[in-house]
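2 protein chains.
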Amino acid sequence: MTIIVDGMGGDNAPLQILKGCAMAVEELGVKIIVTGPEALLKQTMDENDIDDNNIEIRHAEEIITMEDDAGSVLKAKRNSSMGLAFDLLKNGEGDAFVSAGNSGAILAGGTLIVKRIANVKRAAFAPVFPSKTGHFMLIDSGANEVCTPEYLDQFGTMGALYMKNAGFCTKPKVGLLNNGTEETKGPELYQQAHALLKENNAFEFIGNVEGRGIFDGTCDVLVADGFAGNILLKTVEGTAMFMMSIMKDALTSTLFSKLLAAMLKPQLRVMKRKLDYTEEGGAVLLGVAKPVVKAHGSSNAKAFKNAIRQAANFARSGAVEKITEQLKAQKETEQAGK
Amino acid sequence: MTIIVDGMGGDNAPLQILKGCAMAVEELGVKIIVTGPEALLKQTMDENDIDDNNIEIRHAEEIITMEDDAGSVLKAKRNSSMGLAFDLLKNGEGDAFVSAGNSGAILAGGTLIVKRIANVKRAAFAPVFPSKTGHFMLIDSGANEVCTPEYLDQFGTMGALYMKNAGFCTKPKVGLLNNGTEETKGPELYQQAHALLKENNAFEFIGNVEGRGIFDGTCDVLVADGFAGNILLKTVEGTAMFMMSIMKDALTSTLFSKLLAAMLKPQLRVMKRKLDYTEEGGAVLLGVAKPVVKAHGSSNAKAFKNAIRQAANFARSGAVEKITEQLKAQKETEQAGK
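For the protein sequence lines, the chains are A and B, in the order given. Count the first sequence with the numbering used here and you get residues 5 to 342, in order. Count the second sequence with the numbering used here and you get residues 5 to 342, in order.
Worth double-checking, as some hints may not be accurate.
Repeated chains share a single entry, so a pair holds when one copy, or any two copies, can fit it.
[Said to hold, decoys possible] The calculated DSSO-like cross-link candidates involving lysine-lysine, where the alpha carbons are at most 30 Å apart (straight line), are:
#, residue 1, residue 2
1, Lys-278, Lys-136
2, Lys-342, Lys-125
3, Lys-252, Lys-177
4, Lys-326, Lys-202
5, Lys-94, Lys-79
6, Lys-81, Lys-189
7, Lys-306, Lys-94
8, Lys-252, Lys-262
9, Lys-119, Lys-189
10, Lys-202, Lys-175
By construction, these hints were calculated from the structure, which means they are not laboratory data.
Working from the sequences, and respecting the hints, build out all of it.
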């Protein structure tokens, strides 16, 4: 298994990215192709004693920044670490691609260079969260600000096939994010998506799900448009950070409480680990013809290693092929019905 | 100060409502008019030794349930505890109204019986949350699933005038919930709302705010359409509940950790109190001609008492009058400009 890595993506590139690559080689037995300015990458590895075993560097001069315009940057900077990585992925030099860089550019590269799977209307970002009973996937977490009911219906299909084939569940249950559980809730987009999801035979549709219930394990896949999904994703992050800071303040408020908290470290570590969404990696990009993973922009080495593991798992799952087959079959059924 | 209370609204009515009323009389020095089936309310107070000092019961036979259709129920059940309460409020028999009942019916009663303030396009629910530096208001948390840019602009005005006059801040800063901080982010509704909010002189507009930053104290008022706002509100609740359950699991995982956690009770209590959004009461209904507060459906006595305090504070703030004046002035400026 070979994973292509954008050596220059994210806030902590290239050091944490390269460290994560070495950890992945060591722990997961994968090979890595990492793209970026060769001299800089080599120097960073040398200076930090990063083992280059099974890590191959491919030179790309330019770098895509968070400020670059996602729509045009891959044309303007095709010889960037990300542009080259997408070309390598397209040409079959690796099984999957991971970047912690500019999300919009990752989406553009997936759509324009790797291309969408036939019959896929829109690709979507889909992170996996922990829940009380296991995990659930949010799809779309921000690729498409404006959606049609048909996009949302396909997000359900793609999410269900990923969760099933990546080993998260056997019979995927899909829910639709909404502001109430009644069928008639939400703007027209959501009412129409509800009707389509209900008729979709690729999964069990459990109806509308409110934000209050997302962590209860009620569904394996939570469908949303990219705007609402992004609000949800970032609100989860914001709330978690706020609670952690209040907890920290409370536990360190007196010398005695600090002492007690120190003794509770193993428990607090378990808790932190359970809440750490980078444990699952980043967000998979569903709907494009090869496995692509967007790691968190602030990934450290461990988080990036987890994203590489997720990419390897994505490639092994065969989810791209399953999505291709299912959407082809649905298209044929649709045409036969006309 | 007289607060009118729907004696039969919410999951724990009438017992917790009546207890909350007695606490409010005792602690806040307000008078209460409570509506509902007289015999039942009297019996509940007698059986539970609830002091009826300054609590006046007004008989209403019917009850509005959570299943009732919000749009029509106030016509069908005008002689309900909520219907009567709205009539009393309209007729000036009290200064503000609190209900833990059906949100849709509260919105309908506010709009159809009490009526909107002149020039208000839509009334909105607006809960107040704790933040790292103080508090912020979310407006709209769910009254309007579908909005226009003009509604969002007015939500900013109303929210700012409430927060200022209710004593939360002196110079209200307003932010627009969005999936990115750049001006051009979000669906068309949000881009157009951004342009209007920027020109609004009733407050300082700080631009787009992501869910990640809402608790950082960056704004006093967070504007959203009712769909996205409701997703945010319930996601905050869901995330907080999930984290609390993981924390509880971690702290009670061994006998020793249980013991340590028991010794940390004072700290954990401070933390819980800081996170308890019912400390601030419920959601105010902004845009109608009298102060109306929606308490949480699952309110216990203390949460309901807090909602009564919020209603008294709302009445004292003069926010209704300030909103009336500001929107009148804005309308005049707008007409003069034509």
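What hint numbers does the structure not satisfy? none
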